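Engineer: Sequence:
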Amino acid sequence: MSSGTDGVVIHEIPPVFDENSEVLILGSFPSVKSREGRFFYHHPRNRFWKVLTAVFGEGEPEPETIEEKKAFLLAHRVAVWDVIASCEIQGSSDSTIKHVVPNDLSPILQTADIRKILCNGGTAYALYEKYLKEQTGREAVRLPSTSPANAACSLEQLTAQWKAAIFSQ
Numbered sequence: 001m002s003s004g005t006d007g008v009v010i011h012e013i014p015p016v017f018d019e020n021s022e023v024l025i026l027g028s029f030p031s032v033k034s035r036e037g038r039f040f041y042h043h044p045r046n047r048f049w050k051v052l053t054a055v056f057g058e059g060e061p062e063p064e065t066i067e068e069k070k071a072f073l074l075a076h077r078v079a080v081w082d083v084i085a086s087c088e089i090q091g092s093s094d095s096t097i098k099h100v101v102p103n104d105l106s107p108i109l110q111t112a113d114i115r116k117i118l119c120n121g122g123t124a125y126a127l128y129e130k131y132l133k134e135q136t137g138r139e140a141v142r143l144p145s146t147s148p149a150n151a152a153c154s155l156e157q158l159t160a161q162w163k164a165a166i167f168s169q
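UniProt numbering numbers the first residue of the sequence shown as 1 and each following residue consecutively.
To be clear, the hints were calculated from the coordinates, so they are not data collected in a lab.
The structure displayed is predicted, hence computed values, not measured ones.
By construction, the Cβ of each residue, glycine as well, lies at the ideal position given by its N, Cα and C atoms.
Do not rely on the hints blindly, as some may be mistaken.
[Unchecked claim] Result set (BS3-like, lysine-lysine): computed pairs, CA atoms no more than 30 Å apart in a straight line:
id, residue 1, residue 2
1, Lys33, Lys116
2, Lys33, Lys163
3, Lys133, Lys116
[As the list claims (entries may be wrong)] Quick list of simulated restraints, FRET-style, between CB atoms:
id, residue 1, residue 2, range
4, Ser95, Arg45, 16 to 22 Å
5, Ala126, Pro14, 22 to 28 Å
6, Leu74, Gln135, 20 to 26 Å
7, Glu129, Thr96, 30 to 36 Å
8, Ala85, Glu139, 18 to 24 Å
9, Arg115, Ile10, 27 to 33 Å
10, Ala85, Asn150, 22 to 28 Å
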C-alpha cells in the first residue's frame, strides 16, 4: 500500500479470482493489518477466514498462509476484492473514508460467471451501491461484517447468515 503526502492510500492487493469463480465477496478497503500483511482480512481478530472455513469447511483446516488462502478461495469458487481502489482513510476506520476512487470490477465479471455479489458489512454495501451498482448492473447482498468491530454478531450468527447467502438460490 502506498500513501502519498496528501493522505491518499492506494489499494495494492490484487483481487483473487479465476474463470471458475461464482461468488464475489467485496470488502470496503483493506485494514492497516491487511495492508501490512498484503492480503485480505489479515487482522488476527477478523473472523472472515473462520466464517468461510465453517461455511465451506467439511473438516478442512482454516487456511493460514496467503497461498493457502488463495487456494481455499479458488477451490470454493469464491472471488475476493474490495470496492475501493484508493481513498483517504485514518487507520482502519471505515467511518473516516473519503475521496473514494472505486475499483473496476469488469476484469472479474468478464472472466468469471459471478452469480452473486456479497458485501462484507454495511460500509462495503453502501459504497457498492453508490459507486459500482450502476457500472455492474447487479444487485449485491449486504452481510454482517466479519470485522472485530462487529462484536454484536457471534461467530455462529455470522456463519449462519453467510452460509445462507452463499448457498441460497
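Engineer: All hints, please: hold or fail.
Structural biologist: Results of checking the hints against the structure:
no. : hint                         : verdict
1   : Lys33 <-> Lys116             : holds, 27 Å
2   : Lys33 <-> Lys163             : holds, 26 Å
3   : Lys133 <-> Lys116            : holds, 13 Å
4   : Ser95 <-> Arg45: 16 to 22 Å  : holds, 18 Å
5   : Ala126 <-> Pro14: 22 to 28 Å : holds, 24 Å
6   : Leu74 <-> Gln135: 20 to 26 Å : holds, 24 Å
7   : Glu129 <-> Thr96: 30 to 36 Å : violated, 19 Å
8   : Ala85 <-> Glu139: 18 to 24 Å : holds, 22 Å
9   : Arg115 <-> Ile10: 27 to 33 Å : holds, 30 Å
10  : Ala85 <-> Asn150: 22 to 28 Å : holds, 24 Å
The structure fails hint 7 only (numbered hints given earlier).
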